[in-house]
Amino acid sequence: MAALLSPVAPGGQARTAPTPSGRSGWLARHWPFLLIVPALLVLLAVFVYPVAQTFVSAFTTPNPGMENFSWFFGSSANVAVLTRTFSTALWSTLICLALAYPYAYLMTVASPRARAALLLIVMLPFWTSLMVRTFAWLVLLQDTGVINGFLGLFGVGPFGLVRSQVGVLVGMVQILMPFMVLPLYSVMSGIDRRLLTAAQSLGARPIVALARIFVPLSLPGVAAGSTMVFITSLGFYVTPALLGSPSEALISQFMYTQVSGMLMWGRGGAMAVVLFATTLLLMGLLGLAMRAGRRRKVGAR
Amino acid sequence: MPVDRPEGGTAPTAKGARIDLRGMTKRFGASVAVDDCTLTVEPGEFMTFLGPSGSGKTTTLNMIAGFTDISAGGLEIDDLPVGGIPAHKRDIGVVFQHYALFPHMTVAQNIAFPLRQRKIPKAERQRMVAAALETVQLPDHAARYPGELSGGQQQRVALARAIVFSPRVLLMDEPLGALDRKLREFLQLEIKRIHREVGSTFVFVTHDQEEALILSDRIAVFNNAKIEQVGTAHELYERPATLFVARFLGESTILRGTARPDGAGSTLVGDGFAVRTAGRVEGGEGGTAALVVRPERLRLTTDDPAGIPSGTNAVPVTVVEEIYLGAARKLEVILPGGARGLVREQAGALSDLRVGDRATLCWHPDDGVLLPDDPTIERIFT
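So the protein sequences, as listed, match chains A and B.
Take our numbering: the final residue in the first sequence is number 301, and no numbers are missing along the way.
Take our numbering: the final residue in the second sequence is number 382, and no numbers are missing along the way.
Think of the hints as simulated: they come from the structure by calculation, not from any bench.
We put the CB at the ideal spot given by N, CA and C, even for glycine.
One or more hints might be untrue.
Said to hold, decoys possible - Just some of the chain A residues that point at chain B, by a computed CB distance under 8 angstroms:
(1) Ala198
(2) Leu202
(3) Gly203
(4) Ala204
(5) Ile213
Extracted from the complex, chain A is given alone in its bound form (with noise of 0.2 angstroms):
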């Protein structure tokens, strides 16, 4: 028993009284985290820094206190934006979604073959430079470009598909669409196709099946896809300046004007700050409905 208890001892004392030996141990255990090291640095300089630097010149540029804030929340036209950039991340997530949904779906049903090939039509646009890919949506739609000379022959047209909320939608979710169809075919091939047959044996036609079974499962694909795009549509900037109109502007191109433009770096802040608080208001919003939705689910008899 001694002999058994006695190896343990020495390790314990090293634990309760942590000598310079005790420290190295510490090192010795926990020397892979030194790994991330390196990538922290990079963050820490690169990202941590400048945000911060934007955050405080909100409240300090030119001069100490709220005035930047009182600025953007003066003029309607800055409100306008606002809103109007969120409205715009909203359609480009219920777009997105709707297009994807189905798409994903169709993944996981098809053989690996097929679905390897959908696959590759998802990312393919991924994998292309961004500016390509808006300057090529820019020769489709156009007023002299593809598809207005194509419904010109028609008679028809030409219809204000560039320079429009059209168009500028239209850029977006073609370069979001993976990062709905990713998170929604992850969660999507989890589920237990077995669960539908099992549903159908209990009385519950193939698309009773589906609504009851399949999509309640698939919900988490949803609420990450929709997040991703939902965030990533609120910082978009060369899509919306290459496609949409100057007149409807989004919140990252006035903030380039301000900051590139007339030197405003105060106001700038002031714009992230508000933009970076409204994002979290809305998650936080989201992420408490999700979980009501849970405890009520959990609460039911």
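Following the hints, put chain B in place on chain A, whose structure we already have.
Just chain B, lined up with the frame of chain A:
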């Protein structure tokens, strides 16, 4: 307690339905999964499909459930051809090996699911769910989620869900396969009790012969996409129709040789023995045959061979293995020609024989079944 049928419409005369398979066949491309199966399951019967994996028993079940379409032949439930009816309209309960409970619904919601599909009013639904939970002895688990239950509890919920709408046929596809032995034995008795209470026709698929013996009124033994034999456990054990059935159900001594008609029975002449048996085998003169004798029908003796009554088969053997089982003891013996035999001695009637001893193996000519030999069988079992 059994729940009432929701609709009175066509009031069934019995709680269970009759199932008729008429030459039912399933082909997947060039391979045949179920080959020309003909079988009648009587109303309220507990029928087990027993066979090794890949023998076609699950495919047959899936065709009855409507999950797989039938390539050829017919399927009738209570004289009604159901081949073209989709699964959700067949009114058949199914229990799966993998439980197939809906993870996002509570136990009560899972069990209410088939009732919702049948548009049963809420109050009635709650009463029926409670009754079904009572039947599977989980009355306090209604508000739990499947993920919070043990495997055995999950399978009971699945069972409750499959019986709550009083289907006249209940299909079970290796429902206990994923559970450990103790729980499996307990749930076997539960299933037997529920079968008695519910009165539906049960079709149960398993590869476990012991499970089949415990549960079934009758057993259909599947092998190689075909039904080898249908009968009660007793019939299959005592009168196997094929060598496969004899090998699959229980243990036996199998002696191979050439059978010659001899009086009312035959004489089987093999390597190192010549024994009499009551049976005849087709193939007539000089056909190779296999004699199957169950271990409890065999007796080992060290008495003087002259003292053994004439008419009793007696073959000299050597004991090569001894397996003590508590209530009994099994002795493996080897015949002069190399064939192996298995003898079971009940506790209280144990001989003094030990490994290496020589003895005489005796049995009555009526206590064996003579079957046509099938050399391919040993490849399946070894």
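Hints, one by one, checked against the model:
Checking alanine 198 of chain A against chain B: minimum C-beta separation of about 4 angstroms stays under 8 angstroms; hint holds. The closest approach between the C-beta of leucine 202 of chain A and any C-beta of chain B is roughly 4 angstroms, which is under the 8 angstroms cut-off, so the hint is satisfied. Among the interface hints, the one on glycine 203 of chain A holds; its C-beta lies about 4 angstroms from the nearest C-beta in chain B, closer than the 8 angstroms criterion. The interface hint given for alanine 204 of chain A is met, as the beta carbon of that residue sits about 5 angstroms from the closest beta carbon of chain B, less than 8 angstroms.
At a threshold of 8 angstroms, the smallest CB-CB gap from isoleucine 213 of chain A to chain B is about 6 angstroms, leaving the interface hint in force.
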